[in-house]
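Participant: Chains as they are written, first to last, in the numbering used here: chain A, 1 to 133; chain B, 1 to 133; chain C, 1 to 133; chain D, 1 to 133.
Please keep in mind that the hints were generated in silico from the structure rather than gathered at the bench.
Wrong hints could be hidden among the right ones.
The list treats identical chains as interchangeable, and a pair is accepted whether it falls inside one copy or across any two copies.
To be verified - EDC-like, lysine to aspartate or glutamate: derived pairs with alpha carbons at most 20 Å apart:
hint	residue 1	residue 2
1	Lys103	Asp17
2	Lys103	Glu26
3	Lys8	Glu99
4	Lys103	Asp126
5	Lys103	Glu127
6	Lys8	Asp19
7	Lys103	Asp19
8	Lys8	Asp47
9	Lys8	Glu46
10	Lys8	Glu109
11	Lys103	Asp47
12	Lys8	Glu116
13	Lys103	Asp79
14	Lys8	Asp102
Number of protein chains: 4
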Amino acid sequence: MTFQEIIKLHPHPTSVDRDTLLRCIEECLDCGASCTACADASLSEEDVQSMVRVVRLCSDCADECEATGRIVTRQTAPDLRLMRTMLQACVAACVVCAEECDKHAAHHEHCRVCAEVCRRCKQACDELLAAIG
Amino acid sequence: MTFQEIIKLHPHPTSVDRDTLLRCIEECLDCGASCTACADASLSEEDVQSMVRVVRLCSDCADECEATGRIVTRQTAPDLRLMRTMLQACVAACVVCAEECDKHAAHHEHCRVCAEVCRRCKQACDELLAAIG
Amino acid sequence: MTFQEIIKLHPHPTSVDRDTLLRCIEECLDCGASCTACADASLSEEDVQSMVRVVRLCSDCADECEATGRIVTRQTAPDLRLMRTMLQACVAACVVCAEECDKHAAHHEHCRVCAEVCRRCKQACDELLAAIG
Amino acid sequence: MTFQEIIKLHPHPTSVDRDTLLRCIEECLDCGASCTACADASLSEEDVQSMVRVVRLCSDCADECEATGRIVTRQTAPDLRLMRTMLQACVAACVVCAEECDKHAAHHEHCRVCAEVCRRCKQACDELLAAIG
């Protein structure tokens, strides 16, 4: 996506490995949008009564992925302590959401796909955490 | 991106043309992230004093693109009045931001690219507005 | 709230009437949080099947109120065209959400209160629109 | 604010101490709006060159406070692991932002007030963390 091109044009890029950074931001964006879409699809299912926790945790995960995506996007005068705790919270949101979506994966394809996106986002956050050190 | 796959799996998709819808959401996401990145890059420029309005309008555009992206993503029981005014506000945010970024495009490549993304997002919103009727 | 004190300390405040501005921001904040809370309470109701549209429209209204609140908070180099369309979209979100919450007000107290907050926020946006001209 | 009334009307409130919960949400809201306002005021200062890090960290803190405020607001089927890491990230954002604002408190009143709000929000998050256990 084009935003990655803009990040590469920052006058003082951070020393963090760029590919790891860009991949994490893209996964946060995709996971945020996926969780908004999965919460919405779950809300329209006939068995919505059993989807309540999916809607809740997908909403949380969307909120956290978007906030993390924004913070990791910024390269001006970064604070690594903050970046680290944000990525850890994002990992937690993705893990919790994936676990809940897994429970409904057999009956609802959107939950199966959403769990995959969450795990991919978790991994990208883990890799950025490792790169930050 | 994977979120588009999840939107396709919604149990009761809206009657709006799907490709137009998916393109609009993707552009809102890319424009939101691009504007966050351009505001941040502008903040790190030596001539930040002359970039103040870029930072401000890119921040506005990021906020509005993300809100519009979320609302357009939801297909459950949509309200077209609301979707229409949101898309109109998003168009306004993209136009205003592109105009400001254009002024700095000759000196700052990130502003040139950001103005392009804003115009692409504006067009995708216009097309969804036309599809909604 | 304290944020209003900070807005008053802006080095170059906008010419918009300050009390109208501060009231609008406060209502956007309260309405955004109220809609998040009402969507969540509705999701926990036994008759969640009939609350699906409330959850959806409260989520939309929360997203739009928060984006509008941020944009109206910023006083640096404002663009009135953008502010106007944002406020109009916020009015639409509040009207649509209040109408839906009204339908459930007799059975669910949180919907009755949420509809009131939405109408108060709509009015504060209308007043700021009138002040901007 | 009215949103607190709605939270009290949730059909299945969490077992977390309600006053601690409501105070934390209110502080997250106030801190989020305060940081948006302080980032914006800093951007308009004549010495904007020396305010760059304030703008950046206030923007981060606003994003994180809003996300945490939303997640803590939801009482439906909560996940305490997630709530805990979110509150910890919010504490980090508040601490980092307060430290930076402190450096400018002598010259810019909005930074002095913003640092206070950040510390109040940090404390409210710490208290909710203690209540969750």
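Participant: Each hint: holds or not?
Facilitator: Against the structure, the hints:
1. Proximity of lysine 103 to aspartate 17 under the C-alpha cut-off of 20 Å is found in neither arrangement, the shortest distances being 35 Å within a copy and 30 Å between copies.
2. Taking the closest pair of Cα atoms, lysine 103 and glutamate 26 never come within 20 Å of each other, the shortest separation being 26 Å inside a single copy and 28 Å across copies.
3. With identical chains, the CA atoms of lysine 8 and glutamate 99 are never at most 20 Å apart, being 35 Å at best within one copy and 22 Å at best between copies.
4. Taking the shortest Cα distances, lysine 103 and aspartate 126 never come within 20 Å of each other, neither inside one copy (24 Å) nor across copies (33 Å).
5. Proximity of lysine 103 to glutamate 127 under the C-alpha cut-off of 20 Å is found in neither arrangement, the shortest distances being 26 Å within a copy and 33 Å between copies.
6. For the identical chains of this complex, lysine 8 and aspartate 19 are intra-copy neighbours only, at 10 Å inside a copy versus 29 Å across copies, given an alpha-carbon limit of 20 Å.
7. Neither within a single protomer nor between protomers do lysine 103 and aspartate 19 lie at most 20 Å apart by alpha-carbon distance, with minima of 33 Å and 30 Å respectively.
8. Within a single copy, lysine 8 and aspartate 47 get their C-alpha atoms only as close as 45 Å, which misses the 20 Å cut-off; across copies the closest is 19 Å, which meets it.
9. Only between protomers do lysine 8 and glutamate 46 lie at most 20 Å apart by alpha-carbon distance; the minimum there is 17 Å, versus 45 Å within a single protomer.
10. For the identical chains of this complex, lysine 8 and glutamate 109 are inter-copy neighbours only, at 10 Å across copies versus 36 Å inside a copy, given an alpha-carbon limit of 20 Å.
11. Taking the shortest Cα distances, lysine 103 and aspartate 47 sit within 20 Å of each other inside one copy (13 Å), while across copies they are farther apart (23 Å).
12. Taking the shortest Cα distances, lysine 8 and glutamate 116 sit within 20 Å of each other only across copies (16 Å), while inside one copy they are farther apart (28 Å).
13. Taking CA atoms no more than 20 Å apart as the test, lysine 103 paired with aspartate 79 passes between copies only; the shortest distance there is 16 Å, against 37 Å inside one copy.
14. For a Cα distance limit of 20 Å, the shortest separation of lysine 8 from aspartate 102 across copies, 19 Å, qualifies, whereas the shortest one inside one copy, 36 Å, does not.
Checked against the numbered hints given earlier, this structure breaks hints 1, 2, 3, 4, 5 and 7; the rest are met.
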